[in-house]
Amino acid sequence: MKDHKLSIKIPLLLCILAGLSACTTTEIDQFRQADTQINSDESIVILGRRHSNSYETELDFVECVGNVVASGNDGINVIPESVFLDEMFPFFEPRTAPMRTDHLEQLMQQDVAAEKLEDFGVEYIVWVDGLTQRSGESGSISCAVGPGGGGCFGFGTWTDDSNFEAEIWDMDTLSSAGAISADANGQSYLPAIILPIPLLARVESNVCSGMGQQLKSFLNGSV
Amino acid sequence: MIGSMHNLKQMFSGFRSATLLVLCCALFSCASTSMITIEGSYPAPLVNQLPLTLGVIYDDSLSAHSFTEFDEYSGEEQYIINSGASQMTLFNTILPAVFSEVIYLDSADEIASYPELDMIFEPAIDDFQIGLPQKTRLDVYEIWVKYNMRLFSPDGSSIADWVMTAYGKSPQSTFGSVDAGVNDAAVEAFRDLAASFSLGFASIPEVNNWLQMNNVL
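Line order of the protein sequences matches chains P and U.
Here the first sequence is numbered in this note's numbering, starting from 13 and rising by one per residue.
Here the second sequence is numbered in this note's numbering, starting from 1154 and rising by one per residue.
Worth flagging that the hints you see were computed from the coordinates, not collected in a lab.
Mixed in with the good hints there might be a few duds.
Chain U is faced by these chain P residues, among others (derived, beta-carbon under 8 Å) [what the hints assert, rightly or not]:
| no. | residue |
| --- | --- |
| 1 | 98 |
| 2 | 102 |
| 3 | 108 |
| 4 | 124 |
| 5 | 128 |
| 6 | 132 |
As the structure is a prediction and not an experimental result, all values here were calculated from the model.
For each residue, glycine too, the CB sits at the ideal point set by N, CA and C.
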């Protein structure tokens, strides 16, 4: 009977903890410059900008956006970033990648690059640029371990702020088709009473999901 | 009861020994130098090949390159970064993509054995620097390498002698190791060099002059 009660209490506790998550505010903006449409046999590639000295767009974030765009019935073929960068080497490295569409025109004048892009069937190149910054860290948590056991006590909190922008280049017209920006922020809490209980604001994953969905709609021409 | 007490004593004795062992290991690891061997693969650059037979001599400063980072407080060796093997992998990938034929030479003495050689290339490392997050207070590992590229004719006369720099960085991940961070930054730096070299080789003024004079361009 005692075991049975325990088996109910543990999942209940886990459900309560899972439900307790910090709040996040996400804002998605879109700017369209041209009509877009993509067929099932065409592909896109999502690339992270990494030319800045102070930060670089995370590989994981780019992959996450790609997974959202590729998912569902209206999913779009997304070429993995690492495959594209290796196959197109050295044209899309941090120091050599086209920064503007007129640089893309210059790149397409090189036969080897143009042929390879044609082989890939790339209809749109999406450049993702941005980062998540942590600020307002406060509080403290102390943990101790002894022969009789261990535990933590204290409270910590911080704010995560994500700012990302995706610029969409049309490979048919070699011009910009538009841009999507996504901003989100949220406060995370970490109270610790024997065990630390993380109440995390899912800032970056919300931005990824929001940007991915918007990008898919944008490329399918539905928004 | 006595048996269970004995078991408990044995358990605590084992726990004490294990704790002592862990502490000793931790202290030893703090004092020891960490050896990092750079490992990476590099894609062949997508460029138009130059119809030239290139001889390559790898200077020891490149093929056996090793860099030691010292602790800024104790002055002791902190990290030894071995990148020689990876540098060789890099050049062995770039050069056959840029030149139609590449012949690897052990030394300049072998040049006479290959009359088909058009030019000899000898890359060397002049400087190697590392930026660790705990020292730079940035959230990235950084590697900066300065190369000296020397190109000469089979008769020994210089064609070009120029400097190239390579830079790579990798973000510091929450649970990532220093080894992985340094390795990723180094691989990025070597890719950066490969990109600059393969796209810019024919644009080096002295090289460009030579290529035009020999009707290669």
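Going through the hints against the structure:
{"no.": "1", "hint": "98", "in the structure": "holds, 4 Å"}
{"no.": "2", "hint": "102", "in the structure": "holds, 3 Å"}
{"no.": "3", "hint": "108", "in the structure": "holds, 5 Å"}
{"no.": "4", "hint": "124", "in the structure": "holds, 5 Å"}
{"no.": "5", "hint": "128", "in the structure": "holds, 6 Å"}
{"no.": "6", "hint": "132", "in the structure": "violated, 12 Å"}
Taken one by one, the earlier hints fail for this structure only at number 6.
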